[in-house]
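Based on the hints, put chain F in the right spot on chain Z.
Residues per chain, in single letters:
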Amino acid sequence: QKEVEQNSGPLSVPEGAIASLNCTYSDRGSQSFFWYRQYSGKSPELIMFIYSNGDKEDGRFTAQLNKASQYVSLLIRDSQPSDSATYLCAVRATGTASKLTFGTGTRLQVTL
Amino acid sequence: SQTIHQWPATLVQPVGSPLSLECTVEGTSNPNLYWYRQAAGRGLQLLFYSVGIGQISSEVPQNLSASRPQDRQFILSSKKLLLSDSGFYLCAWTGGAHEQYFGPGTRLTVT
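As you go down the protein sequences, you meet chains Z and F in turn. Residues in the first sequence are numbered consecutively from 422, following the numbering used here. Residues in the second sequence are numbered consecutively from 18, following the numbering used here.
Just chain Z, same shape as in the assembly (with noise of 0.2 angstroms):
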């Protein structure tokens, strides 16, 4: 069974703060991992995604990918009350028509 696993949280950090997300899948011929971001109600919205070891930045957000150590992570900085949020990990092993594996997710509260 191919996995993936996310503390559901709830993390709690102040406004201003990096919010660190974590992620760990265990089919090691997983090759592109995604985040999602996912407000109460809503459909989850696609924040960032990356293919290769090392970091990868797009704003406020930086992917953070360890292949060895099966280890998808999502900074954000500077978060803001809007960043509150469900943050969704997803992992697509190699010719699975894209398919995707989704992590229950993590749920982030900024606090003032």
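It is worth saying that the hints were derived from the structure and are not from the lab. Built from N, CA and C at the ideal position, the CB exists for glycine as well. Mixed in with the good hints there might be a few duds.
[Said to hold, decoys possible] To spell it out: a stretch of chain F is covered by chain Z in this simulated footprint if at least three of its residues, at any positions, have a beta carbon under 8 angstroms from a beta carbon of chain Z; those stretches are: (1) 56-67; (2) 108-117.
[Claimed, not checked] Anything over 12 angstroms on all C-beta distances counts as not near chain F; from chain Z, calculated: (3) 433; (4) 465; (5) 507.
Coordinates of chain F only, in the frame set by chain Z:
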């Protein structure tokens, strides 16, 4: 730009009634399409995916079915709903980097 539509937005149906949810995509051709269900407080469960017209793959055995009568149309159906079918149903399509984009979803409550 690409847009994905789902309807209805909300639905309340009695147990044993039929179901039809529709998803359409604009601005792209021959997309891979997906149906997911998200139960309250749970993760996304892939139900069906399609790589082309008439091509449907089922991920979990259940009383749901899917069809793709046109390139950019994906339909989720059931002949008889169960209480366990309640949830948030999401349609998605795949972009060029294998990323998926979700529609606004249909919230189904089976009573």
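- Checking against the hints above, which ones are violated? 4 and 5
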